[in-house]
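2 protein chains.
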Amino acid sequence: MISVAINGYGTIGKRVADAVAAQDDMKVVGVSKTKPDFEARVAVEKGYDLYISIPEREKLFDEAGIPVSGTVEDMLEEADIVVDATPEGIGAKNLEMYRKKGIKAIFQGGEKHDAIGLSFNSFANYEDSLGAEYTRVVSCNTTGLCRTLKPIDDLCGIKKVRAVMVRRGADPVQVGKGPINAIVPNPPTVPSHHGPDLKTVMKGVNIHTVALLVPTTLMHQHNIMVELEDPVDADEIKARLDETTRVMLVRTSEGLASTAEIMEYAKELGRSRNDLFEIPVWEESINVVDGELFYMQAVHQESDAVPESVDAIRALLEVEDDNMKSIRKTNRAMGIL
Amino acid sequence: MISVAINGYGTIGKRVADAVAAQDDMKVVGVSKTKPDFEARVAVEKGYDLYISIPEREKLFDEAGIPVSGTVEDMLEEADIVVDATPEGIGAKNLEMYRKKGIKAIFQGGEKHDAIGLSFNSFANYEDSLGAEYTRVVSCNTTGLCRTLKPIDDLCGIKKVRAVMVRRGADPVQVGKGPINAIVPNPPTVPSHHGPDLKTVMKGVNIHTVALLVPTTLMHQHNIMVELEDPVDADEIKARLDETTRVMLVRTSEGLASTAEIMEYAKELGRSRNDLFEIPVWEESINVVDGELFYMQAVHQESDAVPESVDAIRALLEVEDDNMKSIRKTNRAMGIL
Numbered sequence: 001m002i003s004v005a006i007n008g009y010g011t012i013g014k015r016v017a018d019a020v021a022a023q024d025d026m027k028v029v030g031v032s033k034t035k036p037d038f039e040a041r042v043a044v045e046k047g048y049d050l051y052i053s054i055p056e057r058e059k060l061f062d063e064a065g066i067p068v069s070g071t072v073e074d075m076l077e078e079a080d081i082v083v084d085a086t087p088e089g090i091g092a093k094n095l096e097m098y099r100k101k102g103i104k105a106i107f108q109g110g111e112k113h114d115a116i117g118l119s120f121n122s123f124a125n126y127e128d129s130l131g132a133e134y135t136r137v138v139s140c141n142t143t144g145l146c147r148t149l150k151p152i153d154d155l156c157g158i159k160k161v162r163a164v165m166v167r168r169g170a171d172p173v174q175v176g177k178g179p180i181n182a183i184v185p186n187p188p189t190v191p192s193h194h195g196p197d198l199k200t201v202m203k204g205v206n207i208h209t210v211a212l213l214v215p216t217t218l219m220h221q222h223n224i225m226v227e228l229e230d231p232v233d234a235d236e237i238k239a240r241l242d243e244t245t246r247v248m249l250v251r252t253s254e255g256l257a258s259t260a261e262i263m264e265y266a267k268e269l270g271r272s273r274n275d276l277f278e279i280p281v282w283e284e285s286i287n288v289v290d291g292e293l294f295y296m297q298a299v300h301q302e303s304d305a306v307p308e309s310v311d312a313i314r315a316l317l318e319v320e321d322d323n324m325k326s327i328r329k330t331n332r333a334m335g336i337l
Numbered sequence: 001m002i003s004v005a006i007n008g009y010g011t012i013g014k015r016v017a018d019a020v021a022a023q024d025d026m027k028v029v030g031v032s033k034t035k036p037d038f039e040a041r042v043a044v045e046k047g048y049d050l051y052i053s054i055p056e057r058e059k060l061f062d063e064a065g066i067p068v069s070g071t072v073e074d075m076l077e078e079a080d081i082v083v084d085a086t087p088e089g090i091g092a093k094n095l096e097m098y099r100k101k102g103i104k105a106i107f108q109g110g111e112k113h114d115a116i117g118l119s120f121n122s123f124a125n126y127e128d129s130l131g132a133e134y135t136r137v138v139s140c141n142t143t144g145l146c147r148t149l150k151p152i153d154d155l156c157g158i159k160k161v162r163a164v165m166v167r168r169g170a171d172p173v174q175v176g177k178g179p180i181n182a183i184v185p186n187p188p189t190v191p192s193h194h195g196p197d198l199k200t201v202m203k204g205v206n207i208h209t210v211a212l213l214v215p216t217t218l219m220h221q222h223n224i225m226v227e228l229e230d231p232v233d234a235d236e237i238k239a240r241l242d243e244t245t246r247v248m249l250v251r252t253s254e255g256l257a258s259t260a261e262i263m264e265y266a267k268e269l270g271r272s273r274n275d276l277f278e279i280p281v282w283e284e285s286i287n288v289v290d291g292e293l294f295y296m297q298a299v300h301q302e303s304d305a306v307p308e309s310v311d312a313i314r315a316l317l318e319v320e321d322d323n324m325k326s327i328r329k330t331n332r333a334m335g336i337l
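Top line first, the protein sequences correspond to chains A and B. Under full-length UniProt numbering, the first residue of the first sequence is numbered 1, with each subsequent residue one higher. Under full-length UniProt numbering, the first residue of the second sequence is numbered 1, with each subsequent residue one higher.
For the record, the hints were derived by calculation from the structure and aren't laboratory data. Treat the hints with caution; some may be incorrect.
[What the hints assert, rightly or not] Straight-line Cα separation of at most 27 Å, DSS-like style, residue types lysine-lysine; simulated pairs: (1) A:LYS159 - B:LYS159; (2) B:LYS325 - B:LYS238; (3) B:LYS267 - A:LYS160; (4) B:LYS59 - B:LYS35; (5) A:LYS160 - A:LYS199; (6) A:LYS159 - B:LYS177; (7) A:LYS199 - A:LYS325; (8) B:LYS159 - A:LYS160; (9) A:LYS59 - A:LYS35; (10) A:LYS177 - B:LYS267; (11) B:LYS267 - A:LYS238; (12) A:LYS46 - A:LYS199; (13) A:LYS35 - A:LYS238; (14) A:LYS199 - B:LYS160; (15) A:LYS160 - B:LYS160.
Using the sequences and the accompanying hints, generate a full structural model.
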């Protein structure tokens, strides 16, 4: 049984905690919070041992009646590995603490590749992280690109990818963030950093990305154009994506015509927190014209990379050398299609 | 003095009416409405003669205290030419009435090219409409593509264009339309109809487009990728777009980082209805990588094609054979940069 600590119990951390707890070869030894908020209270009610990131704040947790098991450093003593889900940039600062403690660590896509030295996707480069000390699960957008581009590359080779990523302005809980009524080039420079990020796990892929923010909270949406090495027809692409795990074909004709309807589908599937771990691809959008593949997909930014964090644990600890075996094990425990 | 009738005084029609009234070689002989609403009242207050599309409704106008000068057919008797700005699909039905009356007519982009037989953009194919009976000003999105792609094609030739068009879900006044919180592939099939529409005015251009709707009302936004025939550097593209009329370079660094800030700029320019007739292109986004040009632009869907309707009047009536002379005249009267 692998003992896993979750440092940072926010949007990603709480999902990783539940995903780890669902595995039969892992257990959560503790989760950490900086503030005694509703998430901290629910973590304790769920039975997770709660540790605090800022020892001076113990009094605040006491006042809120939320029991604390110790500090983050105490939590690390109990664990074989830590999943760092702290806010962007904090993870890289925590690396020094993990090094001193001699504990392996998994970081999230908010950290820079260079700060961690290694990046991870279950399908593209699981083996690179086997036995490593630290790795970084690439961001939700990069995970989404990788999930569909890897099987396409395997099927027929990729000459060049162009992707325009229409990103949700804020997560549902981020009430202070915009835009409310604007389209924001973000970054305004082209190409965006998403292409280089994909190259950290799909080495050598030729990709240029463009990104912007729009007033929605539910999902990102990607418009992908792929010049193919060995052109195949649209049906072959559909068949390949249909058989690829953590990818699902959805049909506008079935009422799944937008990101809102896709998230409603996740509710019908009975997922915890209505999460959608799979990358939905609109079947109607898949088309090959003049040797170039076009398709549209969506990304549930809060959850799509969570199963990858679980797989990364097995890779770093070398308890499973075969990526597909870990993927199947993770999927089964999480109910992934 | 050219006598112009405006059939349909809604989002486009009211703007075309004011643009025509501002020209020194044209006058508005009447505008038409189907309902006695606030737009009808304001049209009369502005001094436009109001005609009604549905004679049976005259009583409703009387009850509302809005004076009516006659029916649309009466209006056509007064005019040398009619600009049809009725809702999508109605224009094509009106064509038979215009034919019977023997009056030339200009239609909007909501009509299908095949229904009208000819399409118009001031820069791309003004000469095609010289002396024609009917023409169609291409849609706001197609006008936006044409405004920047034509000068780029003139500068260095276009091999292939890919464009992802992030469209506003509804105009500001359309309170019943969505989406409020979703990204909607629209159409869900790829490529979209926008590429073929551009070919009606830029013959032979190789373009594939992808389109979607997002929850915003202010402007469309385009992400454009152009494989160039004779690669030039980004500075040459910037210089060419900067000197192109009805196109403006905007800078994120000057606070114009989104469609909302650009529309605020239109207010500062003191434009009627805060319109932005020009196509703003984000200067920071212009980049050439491996012979491929990338840039981002926005489109004020309510107004960008309005100056083209004015130019189309001069083309159909052959009062000006030189497109640039008409463009300059229209610009001067409308205060276009």
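We went through each hint and held it up to the structure:
With a C-alpha separation of about 17 Å, the suggested pair LYS159 of chain A and LYS159 of chain B falls inside the 27 Å cut-off, and the hint holds. Of the supplied pair hints, the one linking LYS325 of chain B and LYS238 of chain B holds, its CA atoms being roughly 24 Å apart against a limit of 27 Å. Of the pairs offered as hints, the one joining LYS267 of chain B and LYS160 of chain A is violated, with about 42 Å between alpha carbons and a cut-off of 27 Å exceeded. Straight-line distance between C-alpha atoms of LYS59 of chain B and LYS35 of chain B comes to about 11 Å, which keeps the hinted pair within the 27 Å bound.
With a CA separation close to 13 Å, the supplied pair LYS160 of chain A and LYS199 of chain A stays within the 27 Å bound. Only pairs whose Cα atoms come within 27 Å are accepted, and LYS159 of chain A paired with LYS177 of chain B is rejected, the gap being roughly 40 Å. For the proposed pair LYS199 of chain A and LYS325 of chain A, the alpha carbon gap of about 24 Å is at most 27 Å, so the pair holds. For the given pair, LYS159 of chain B sits about 16 Å from LYS160 of chain A by alpha-carbon distance, which is consistent with the 27 Å threshold.
For a cut-off of 27 Å, the pair hint linking LYS59 of chain A to LYS35 of chain A stands: about 11 Å separates their Cα positions. Pair hint LYS177 of chain A plus LYS267 of chain B holds up; C-alpha atoms about 25 Å apart against a cutoff of 27 Å. Proposed proximity of LYS267 of chain B and LYS238 of chain A is contradicted: the alpha carbons are some 48 Å apart, above 27 Å. A distance of roughly 38 Å separates the Cα atoms of LYS46 of chain A and LYS199 of chain A; the hinted pair therefore is violated under the 27 Å criterion.
Between LYS35 of chain A and LYS238 of chain A, the direct Cα distance comes to roughly 46 Å. Violation of the 27 Å bound is thereby established for this hinted pair. Pair hint LYS199 of chain A plus LYS160 of chain B holds up; C-alpha atoms about 25 Å apart against a cutoff of 27 Å. Restraint check for LYS160 of chain A and LYS160 of chain B: satisfied, since their Cα atoms lie roughly 14 Å apart, inside the 27 Å limit.
This entry does not satisfy hints 3, 6, 11, 12 and 13, going by the numbered hints stated previously.
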